[in-house]
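First to last, the sequence lines map onto chains P and R.
The first sequence begins at 1 in the numbering used here and counts up by one.
The second sequence begins at 1 in the numbering used here and counts up by one.
To be clear, the hints were calculated from the coordinates, so they are not data collected in a lab.
Some clues are possibly wrong.
In the DSS-like style, the derived pairs of lysine-lysine whose C-alpha atoms are separated by at most 27 Å in a straight line are [said to hold, decoys possible]: (1) R:12 to R:493; (2) P:116 to R:398; (3) R:666 to P:138; (4) R:415 to R:368; (5) P:164 to R:12; (6) R:494 to R:537; (7) P:120 to P:79; (8) P:18 to R:452; (9) R:666 to P:140; (10) P:120 to R:368; (11) R:415 to R:398; (12) P:164 to R:753; (13) R:457 to P:18; (14) P:120 to R:537; (15) R:212 to R:51; (16) P:116 to R:666; (17) R:393 to P:138; (18) P:79 to R:398; (19) P:140 to R:172; (20) R:683 to P:120; (21) R:74 to R:212; (22) R:212 to R:182; (23) P:116 to R:494; (24) P:138 to R:398; (25) P:120 to R:74; (26) R:753 to R:172; (27) R:415 to P:120; (28) R:564 to R:512; (29) R:750 to P:116; (30) R:537 to R:212; (31) R:452 to R:399.
Covered stretches of chain P, as calculated for chain R (at least 3 residues, CB under 8 Å) [as the list claims (entries may be wrong)]: (32) 12-23; (33) 75-89.
Yeah, the Cβ is synthetic: ideal placement off N, Cα and C, and Gly gets one too.
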Amino acid sequence: MMQSGASSIVEFENVTKKYGEGDATQLANDNVSFSINEGEFVVILGQSGAGKSTVLNMLGGMDVPTSGRVTVAGQEVSKMNDRELSLYRAGTIGFIFQFYNLLPSLTALENVSLVKNIVKDAGNAEEMLAQVGLAEHKNKFPAQMSGGEQQRVSIARALAKNPKIILGDEPTGALDSETGVIVLELLQKLCREQKKTVILVTHNADIAQCADKVIRMKNGKVREIKINEAPKAVREVEW
Amino acid sequence: MLFRKMLRELIKNMGQFISILILSFLAISLFAGMKASNISAYNKLDDLFEKTNNADGWIYSEGFSDEQLESVKKLPDVKDAQLRTHVTANAKEHDQAQLEVYLLPENTVSKPLVTQGAEFDTEDTDGVWLSESFANAWEIKPGDQFSMIYMGFEVEKTVRGLAVSPEYQYLKADKDLDVVIKNISVVYLSSKGFDSIPKTELIFTTDREDVKGMEQEISDALSGDFAVFCDRNDLPGMKVMADELAQHDQFAVTFPVVFIAIALLVIMTSMNRMIEKQRVQIGTMRALGMKRRKIIIHYLSYSFLVSFVGSVAGLYVGTYGIGEFIAKIFREWYFIPGWTVEMDASFFLVLALIVFCCTGATYLSCRKVMDVKPAESLRPAAPKSGRNTLFEKLPFWKKLGFSSQYNLRDISRGKLRAFMGVFGTAAGMMLMVAAFASYVTIKDTSSWTFDKLQRYKAEIDFSGGTSLSEAEKVRGLYEGELVQAQTVEIAAKKNASAGEKRSTTMIVTEGKGNFGLTDVHRDPVALPPGSIAITQKLAKALSVEEGDVLYWHIYDKNTWYESKIGLINRNPNLQGVTMLRADYEEYGLEFAPGMLYTDESVGYEEVSRVSDSVLAVHDDTDLRESFDVMMSMIDAMIGVFIAFALILPVVVLYNCGNLSFNERVKEFATLKVLGFTTGRIRKLLSLQNLWLSVLGVLIGAPFGTVILQYMFDSNGDSMDYQVGAGFISYALSAVVVLVTSVLVSYMFNKRIKRLDMVEILKGME
């Protein structure tokens, strides 16, 4: 359900990423190009070793390409230094990890409030937790919550930064299917209702059915970019 | 294969292992350094005493007869005994050096140990034997002529040999504040030809441990006709040295204990961490079927190797570096032939103890992981879960920022680590304050001495036997105060036994104030006529106070006197009693001043023109100079102290930061992904270290003066220093420690920058 006339927020132009040198060189991304529009729900799909995580790392400002250009929200990420990357991560990107990466010594509420230390106009932490349905669990520590709950805290934390893009790295990978559905529904809802651009990296082809755009990768190359004319609602998919 | 794994991991965790190495090195090198010179000193002293058949008991009187000697010799406990005469004279030349002259009728007890020239010979009436140190300083050789002045008479003899005296490891001229070897010598002569001079000393050897316990039988043998009975502890020439060695023995325990405690903390926390990090590897090794014992031995070998290398290096450097350095310094003050450094069994015991503790700490953490089932240990341990901490009960908890809350919770997760940080900085702070405070204290003592106690421009010393009228003649020319100093024995009660008496210095003054007195608050005060003043330390030792009666007698005279204590006074360098001339003469005693403290700046040249009896003149720059020498020694000490004081917080805080960093590396990676800059994360890390150091500073600060006072007090009974630090010592120390703490956090900058967010966050929890 791509909106016509929407501007592109992510541009990958001929991006190549090599690791190592000489004989040991590994080509993680080989001349990758694609674009993502604002408000899209995008799934980057591929088996392990396909190069999708490398794309996500560069998109997230955790790594820079060997050659090519990465532009996100008008900023050229591929040319940034350490400090600029920090600011970029802080201002533009909301991360969701496979293993949540909450700070174990902080409660749910504190984990979300943490964002106040990073961006000036952080969202209200309690509201964010309410949005993900965890208002009652705000004083629990991560170890006292289920995986799904922890992942929802991590989404609330991402939301609190009011980011332009939400990046998820196998966000349902560690969850059972029912909990995974709840998390995905939440992400889809954010995309539809709050016009957030959501980019998920996964090897789970089923998730692709819910996406506006599917970028399929193999051996470090983009094999196919498919626009889903009628993305399914999360509940409609057979999990 | 496992050996290679160990070496590689040692290199990988260099920082941690180096701090363990440094701490075990420091602990044992301090111990060995303090101890090595002592062991040598004790051994060489034993040698010296054996070779010279040094006396165990000294009895003084106005003169002993041969019959008295015979009856002492007959006592069952007495092995050897002899008589001799001791007088103090001066060299005719050689700056009129002070001479402790011994006239020997025989040479069986406390024999001079001749190091050069002919052996001592009682038949040789023309020969003289001098102290080796004195002769070398003046380049006097056997065969040279040497002239002495005693009571105005000149005696010239031929130097036959140079010797070391077993009774004088410490030899300081009365006019000097410190040891100046050119100014004093022990002199041995045959007593033949001096028959009119009474034999004032009876010395003997015994196998009994409690020499003082022989007082009754000695007294019976001598029919009570003697003045003083002493053992080795009463002789300043030996006691000062013995005190010094005892002090080193004490330091050899106190200081290393602090370092060993800190080393153990660091080792325990680091090994714990290291083993936890290796959990999966341990699980793998076990899954592969490796024996439990083999795995444990593998991990024990890490800490064994590191602590063993550190300790052995520490033992070597401590003994031959620090120990030899200490021996070298003290050889300038004390005379013990052949004094260097030696080791004994205790060195290897302490080494074994340190290595055992290090390895033991590792064993404990290792066993914890080994008790987990292999299948479980293949997976990483569950992260320490967040819990509500005590800190949250603080009323202002909610108002604290993220950094504070986060760090407080982290501290409560790693209590041992936090304790190590606080303890290490506290110890560093303590040493640092002690270092600065010793400077302040000496400065303060200098002004106490020169502004309140030594209130004169010059000190004119008279030669022995100068008459009162001669001294008064000089005082007529140079306005000032005549002062007599002599050794007395004091007691708090009549007929006190040997253990209840103290030999000390009695100063007799004319009460004009040039010889100043200060009360217990160190304020200038005058001695009330008709009473005696006693220094505070001595008063405490005898449990006497103002208003009590003090019993005393002149050292080599047998008559006892009583005086009322009218003042408890304090003096940093001189402990004893003080009396006014008028009161002294009331007892029918003859005032025999040895010096004149004058308000006028005069030199020796000038005074010696008006009187033949003037031995030396010290103006107050001379006196201040000897203080400056002491100051420069303290400066060196401060340097060493500060170096040690700095190593502690650096090593400990680095370790704290390191452990804390490793434990939170995943969290820091998360924060970095969320957009925290490197600087922000470093601040987060350094905030905790800063807290721990502030706590350490607050806890350690008060102990600085405590330990310094303990050090000064262990210097022996003759000193009474008032330790003070002043605001500046605390401020400087705190700044140095806190700056160190902040600088240490910069050591983590690179690691934070290089944090591999991608890798770390991929890992499963």
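Okay, the hints, checked on the actual structure:
1. A distance of roughly 72 Å separates the Cα atoms of residue 12 of chain R and residue 493 of chain R; the hinted pair therefore is violated under the 27 Å criterion.
2. For the suggested pair residue 116 of chain P and residue 398 of chain R, the alpha carbons sit about 15 Å apart, so the restraint of at most 27 Å is met.
3. Restraint check: the Cα-Cα separation between residue 666 of chain R and residue 138 of chain P comes to about 22 Å, which is no more than 27 Å; the hinted pair holds.
4. About 18 Å separates the Cα atoms of residue 415 of chain R and residue 368 of chain R, which keeps this hinted pair within 27 Å; it holds.
5. For the proposed pair residue 164 of chain P and residue 12 of chain R, the alpha carbon gap of about 41 Å is over 27 Å, so the pair is violated.
6. For the given pair, residue 494 of chain R sits about 21 Å from residue 537 of chain R by alpha-carbon distance, which is consistent with the 27 Å threshold.
7. At most 27 Å may separate the alpha-carbon atoms for a hinted pair to count; residue 120 of chain P and residue 79 of chain P meet this at roughly 25 Å.
8. Using a Cα cut-off of 27 Å, the hinted pair residue 18 of chain P and residue 452 of chain R is violated, with the two alpha carbons roughly 81 Å apart.
9. A C-alpha spacing of about 20 Å is found between residue 666 of chain R and residue 140 of chain P, which places the hinted pair at or below 27 Å, so the restraint holds.
10. This hinted pair does not check out: residue 120 of chain P and residue 368 of chain R have alpha carbons roughly 46 Å apart, beyond 27 Å.
11. The hinted pair formed by residue 415 of chain R and residue 398 of chain R meets the criterion: a straight-line CA distance of about 22 Å does not exceed 27 Å.
12. Taking the CA atoms of residue 164 of chain P and residue 753 of chain R, the gap is near 26 Å; set against the 27 Å cutoff, the hint holds.
13. Proposed proximity of residue 457 of chain R and residue 18 of chain P is contradicted: the alpha carbons are some 85 Å apart, above 27 Å.
14. A distance of roughly 67 Å separates the Cα atoms of residue 120 of chain P and residue 537 of chain R; the hinted pair therefore is violated under the 27 Å criterion.
15. Simply put, residue 212 of chain R and residue 51 of chain R have alpha-carbon atoms about 23 Å apart, close enough for the 27 Å limit, and the pair holds.
16. Between residue 116 of chain P and residue 666 of chain R the CA atoms are separated by roughly 20 Å; this keeps the pair inside 27 Å, and the hint holds.
17. Distance restraint check for residue 393 of chain R and residue 138 of chain P: the Cα-Cα separation of roughly 18 Å lies within the 27 Å cut-off, and the hinted pair is therefore satisfied.
18. At roughly 40 Å between alpha-carbon atoms, residue 79 of chain P and residue 398 of chain R are farther apart than 27 Å, so this suggested pair is violated.
19. Of the pairs offered as hints, the one joining residue 140 of chain P and residue 172 of chain R is violated, with about 76 Å between alpha carbons and a cut-off of 27 Å exceeded.
20. With a CA separation close to 19 Å, the supplied pair residue 683 of chain R and residue 120 of chain P stays within the 27 Å bound.
21. The suggested pairing of residue 74 of chain R with residue 212 of chain R holds, with an alpha-carbon distance near 18 Å, which does not exceed 27 Å.
22. With a C-alpha separation of about 35 Å, the suggested pair residue 212 of chain R and residue 182 of chain R falls outside the 27 Å cut-off, and the hint is violated.
23. Between residue 116 of chain P and residue 494 of chain R the CA atoms are separated by roughly 83 Å; this puts the pair beyond 27 Å, and the hint is violated.
24. Proximity of residue 138 of chain P to residue 398 of chain R is assessed by CA-CA distance (about 14 Å); at most 27 Å being required, the pair is judged to hold.
25. Distance check on the hinted pair: residue 120 of chain P and residue 74 of chain R sit about 100 Å apart at the alpha-carbon level, beyond 27 Å; violated.
26. Using a Cα cut-off of 27 Å, the hinted pair residue 753 of chain R and residue 172 of chain R is violated, with the two alpha carbons roughly 63 Å apart.
27. With a C-alpha separation of about 34 Å, the suggested pair residue 415 of chain R and residue 120 of chain P falls outside the 27 Å cut-off, and the hint is violated.
28. Taking the CA atoms of residue 564 of chain R and residue 512 of chain R, the gap is near 21 Å; set against the 27 Å cutoff, the hint holds.
29. Among the hinted pairs, residue 750 of chain R with residue 116 of chain P is consistent with the structure: their alpha-carbon atoms are about 26 Å apart, no more than 27 Å.
30. For the suggested pair residue 537 of chain R and residue 212 of chain R, the alpha carbons sit about 23 Å apart, so the restraint of at most 27 Å is met.
31. Between residue 452 of chain R and residue 399 of chain R, the direct Cα distance comes to roughly 56 Å. Violation of the 27 Å bound is thereby established for this hinted pair.
32. Only when three residues or more bring their CB closer than 8 Å to a CB of chain R does the claim for the segment 12-23 of chain P stand; here the count is 0, and the claim is violated.
33. Counting residues of the segment 75-89 of chain P whose CB lies closer than 8 Å to any CB of chain R gives 6, so the stated coverage by that chain holds, three being the minimum.
In this structure, the hints that do not hold are numbers 1, 5, 8, 10, 13, 14, 18, 19, 22, 23, 25, 26, 27, 31 and 32, in rising order.
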